[in-house]
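Student: Here the protein sequences line up with chains U and S, keeping their order. Position 5 (the first sequence) corresponds to 15 in the working numbering; numbering is contiguous. Position 202 (the second sequence) corresponds to 409 in the working numbering; numbering is contiguous.
Incorrect hints may appear among the rest.
Claimed, not checked - Straight-line C-alpha distance at most 25 Å; calculated DMTMM-like pairs for lysine to aspartate or glutamate:
| # | chain 1 | residue 1 | chain 2 | residue 2 |
| --- | --- | --- | --- | --- |
| 1 | S | Lys361 | U | Asp87 |
| 2 | S | Lys422 | S | Asp282 |
| 3 | S | Lys422 | S | Glu273 |
| 4 | S | Lys250 | S | Asp394 |
| 5 | S | Lys422 | U | Glu156 |
| 6 | S | Lys422 | U | Asp22 |
| 7 | S | Lys362 | U | Asp63 |
| 8 | S | Lys427 | U | Asp63 |
| 9 | S | Lys333 | S | Asp394 |
| 10 | S | Lys422 | U | Asp38 |
| 11 | S | Lys427 | U | Asp62 |
| 12 | S | Lys361 | U | Glu133 |
| 13 | S | Lys422 | U | Asp162 |
| 14 | S | Lys361 | S | Asp281 |
Stated by the list, open to error - Quick list of the computed label-pair ranges, beta carbon to beta carbon:
| # | chain 1 | residue 1 | chain 2 | residue 2 | range |
| --- | --- | --- | --- | --- | --- |
| 15 | S | Thr412 | U | Gln23 | 25 to 35 Å |
| 16 | U | Asp162 | S | Pro377 | 31 to 41 Å |
| 17 | S | Val423 | U | Glu43 | 26 to 36 Å |
Unchecked claim - Stretches of chain S that chain U covers, calculated by requiring three or more beta carbons in the stretch to come under 8 Å of a beta carbon on chain U:
| # | segment |
| --- | --- |
| 18 | 212-223 |
| 19 | 256-270 |
| 20 | 386-393 |
| 21 | 412-426 |
Keep in mind that the hints were calculated from the coordinates and are not lab data. Just so it is clear, CB atoms sit at the ideal spot from N, CA and C, and this is done for glycine as well.
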Amino acid sequence: MLNVANLHCERDQRVLFNNLAFEASGGDILQVEGPNGAGKSTLLKILCGIYDDYEGDVEWQLEDYPLYLGHRAGINDFLTVAENLAWLASLHDQSLNRSRIEAILAQVDLGGYADVPGSNLSEGQRKRVSLARFYAFTNRVWILDEPFSAIDVAGIESFENLIQTHGNNGGLVLLTSHQPLRLANVRPLILRGAH
Amino acid sequence: MFIATTLRSMRITFRQPSEFLNPLFFFVLVIALFPLGVGPSEKTLALIAPGVIWVAALLATLLSMESLFRSDFDDGSLDQMLVAPRSMLLMVTGKVVAHWIATGLPLVLISPVLGLMLSVDEAGIKAILISLLLGTPILSLLGAVGASLTVGLKKGGVLIALLIIPLYVPVLILGTSLIQTAQFGGDYDGHMLWMMALLALTIGTAPIATAGGIKVSLSK
Numbered sequence: 011m012l013n014v015a016n017l018h019c020e021r022d023q024r025v026l027f028n029n030l031a032f033e034a035s036g037g038d039i040l041q042v043e044g045p046n047g048a049g050k051s052t053l054l055k056i057l058c059g060i061y062d063d064y065e066g067d068v069e070w071q072l073e074d075y076p077l078y079l080g081h082r083a084g085i086n087d088f089l090t091v092a093e094n095l096a097w098l099a100s101l102h103d104q105s106l107n108r109s110r111i112e113a114i115l116a117q118v119d120l121g122g123y124a125d126v127p128g129s130n131l132s133e134g135q136r137k138r139v140s141l142a143r144f145y146a147f148t149n150r151v152w153i154l155d156e157p158f159s160a161i162d163v164a165g166i167e168s169f170e171n172l173i174q175t176h177g178n179n180g181g182l183v184l185l186t187s188h189q190p191l192r193l194a195n196v197r198p199l200i201l202r203g204a205h
Numbered sequence: 208m209f210i211a212t213t214l215r216s217m218r219i220t221f222r223q224p225s226e227f228l229n230p231l232f233f234f235v236l237v238i239a240l241f242p243l244g245v246g247p248s249e250k251t252l253a254l255i256a257p258g259v260i261w262v263a264a265l266l267a268t269l270l271s272m273e274s275l276f277r278s279d280f281d282d283g284s285l286d287q288m289l290v291a292p293r294s295m296l297l298m299v300t301g302k303v304v305a306h307w308i309a310t311g312l313p314l315v316l317i318s319p320v321l322g323l324m325l326s327v328d329e330a331g332i333k334a335i336l337i338s339l340l341l342g343t344p345i346l347s348l349l350g351a352v353g354a355s356l357t358v359g360l361k362k363g364g365v366l367i368a369l370l371i372i373p374l375y376v377p378v379l380i381l382g383t384s385l386i387q388t389a390q391f392g393g394d395y396d397g398h399m400l401w402m403m404a405l406l407a408l409t410i411g412t413a414p415i416a417t418a419g420g421i422k423v424s425l426s427k
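Let the sequences and hints guide you as you build the complete structure.
Tutor: This is how it looks when you write it as structure tokens:
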């Protein structure tokens, strides 16, 4: 599903990775590991097509685009939670009706928050709204950059289960996390750090 | 997607009224100060009116440009837009159209009143309306290019002006000379056609440059 070869990326004259190659297919859960500044986020952004200052080949065989969760949640302050989610869904050609939105918000423990504007949410709640997408969207590939930061213990457990289910159903998950994960069948992808 | 983006941006803008009221107040205040500063002579005011109105419109647009992509950059919406399968070009155009409706169009609509204040005659006021109606979309489209390139910088304010003002100059010259021609009773079809040509050119090219600029800003 994903083929990466000869990937080379420099940032501020530091080589982040050189000759990086790996492949991944449906059912894989891949954890990108490495110290701070090793280029984990950059690698995920390259795979998403957000960051394109690199050399090498990134090849996807995909019928849909990946669903991405970055450090910034993508939640606008002046739109309500429901409006934000509907917009994020329309970006992926998917539609969420009102009852579906309320259902997935309940899944991330934000029941009743549908009409609250983004500016009233805490950091963790924004992250949860962004995570709620993963309960409803149909994308097969998930790219998650630090999905568990700012999330409480119960939230982490629920989302870990979701990731596991997605992997079991043939989805591909690429993630970074500094927390120890309780996931089975995780393949590590180690970045050694800049040199 | 184009319409969805336009509606989303307009919703966001109208929920924070300062976004679209600030440029409008700036435009009105700058023009209102000129009769006080230059003196009430009708002849002088009518003479400087085209330049004053156009420079004020240009600066008001420039003032509002910096925030065009700022919030989408800060909250990560631009990342989501770039990952999505939908065309970045359409989304960028949607944002610019929303920006023009919220900031350009009010300037056009209030300009006849300001023209009267500067004792411009009837033919001149009609020309002001036409020139701003054709000109302000060009200002928004070109400004978006500058906004996309500076959105990743903490302090892009002056840089965006340096980048964009040279591109604004042809529009400024055409716009003012259109009004002047009308004031002297001339036929300004030629100016109008040139402005339409410029508008067509920027509609075709500016969104491509803006989408490219956003990619560059995010790859930093």
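Student: State for each hint whether it applies.
Tutor: Here is what the structure says about each hint:
A C-alpha spacing of about 20 Å is found between Lys361/S and Asp87/U, which places the hinted pair at or below 25 Å, so the restraint holds. Between Lys422/S and Asp282/S the alpha-carbon distance is near 16 Å, which keeps this suggested pair within the 25 Å criterion. For the given pair, Lys422/S sits about 17 Å from Glu273/S by alpha-carbon distance, which is consistent with the 25 Å threshold. A threshold of 25 Å between alpha carbons decides the hint, and for Lys250/S with Asp394/S the separation of about 21 Å falls inside it, so the pair holds.
Pair hint Lys422/S plus Glu156/U holds up; C-alpha atoms about 23 Å apart against a cutoff of 25 Å. Between Lys422/S and Asp22/U the alpha-carbon distance is near 18 Å, which keeps this suggested pair within the 25 Å criterion. Between the alpha carbons of Lys362/S and Asp63/U the distance comes to roughly 23 Å, so the proposed pair stays at or under 25 Å and holds. Simply put, Lys427/S and Asp63/U have alpha-carbon atoms about 8 Å apart, close enough for the 25 Å limit, and the pair holds.
Of the supplied pair hints, the one linking Lys333/S and Asp394/S holds, its CA atoms being roughly 13 Å apart against a limit of 25 Å. Between Lys422/S and Asp38/U the CA atoms are separated by roughly 29 Å; this puts the pair beyond 25 Å, and the hint is violated. For the proposed pair Lys427/S and Asp62/U, the alpha carbon gap of about 10 Å is at most 25 Å, so the pair holds. With a C-alpha separation of about 22 Å, the suggested pair Lys361/S and Glu133/U falls inside the 25 Å cut-off, and the hint holds.
Proposed proximity of Lys422/S and Asp162/U is contradicted: the alpha carbons are some 34 Å apart, above 25 Å. About 11 Å separates the Cα atoms of Lys361/S and Asp281/S, which keeps this hinted pair within 25 Å; it holds. At about 34 Å, the beta-carbon gap between Thr412/S and Gln23/U stays in the expected band of 25 to 35 Å. Between Asp162/U and Pro377/S the Cβ separation comes to about 57 Å, which falls outside the hinted range of 31 to 41 Å.
Checked against the given bound of 26 to 36 Å, the beta carbons of Val423/S and Glu43/U, roughly 30 Å apart, stay inside it. For the segment 212-223 of chain S, the assignment as covered by chain U holds, since 5 residues bring a beta-carbon within under 8 Å of that chain's beta-carbons and 3 suffice. Remark: the segment 256-270 of chain S is not confirmed as covered by chain U, as 0 of its residues place a Cβ nearer than 8 Å to a Cβ of that chain, below the required three. Interface restraint, the segment 386-393 of chain S with chain U: violated (0 residues with C-beta to C-beta distance below 8 Å; minimum three).
Proximity of the segment 412-426 of chain S to chain U, defined as three or more residues with a beta carbon under 8 Å from a beta carbon of that chain, is established by the 3 residues found.
Checked against the numbered hints given earlier, this structure breaks hints 10, 13, 16, 19 and 20; the rest are met.
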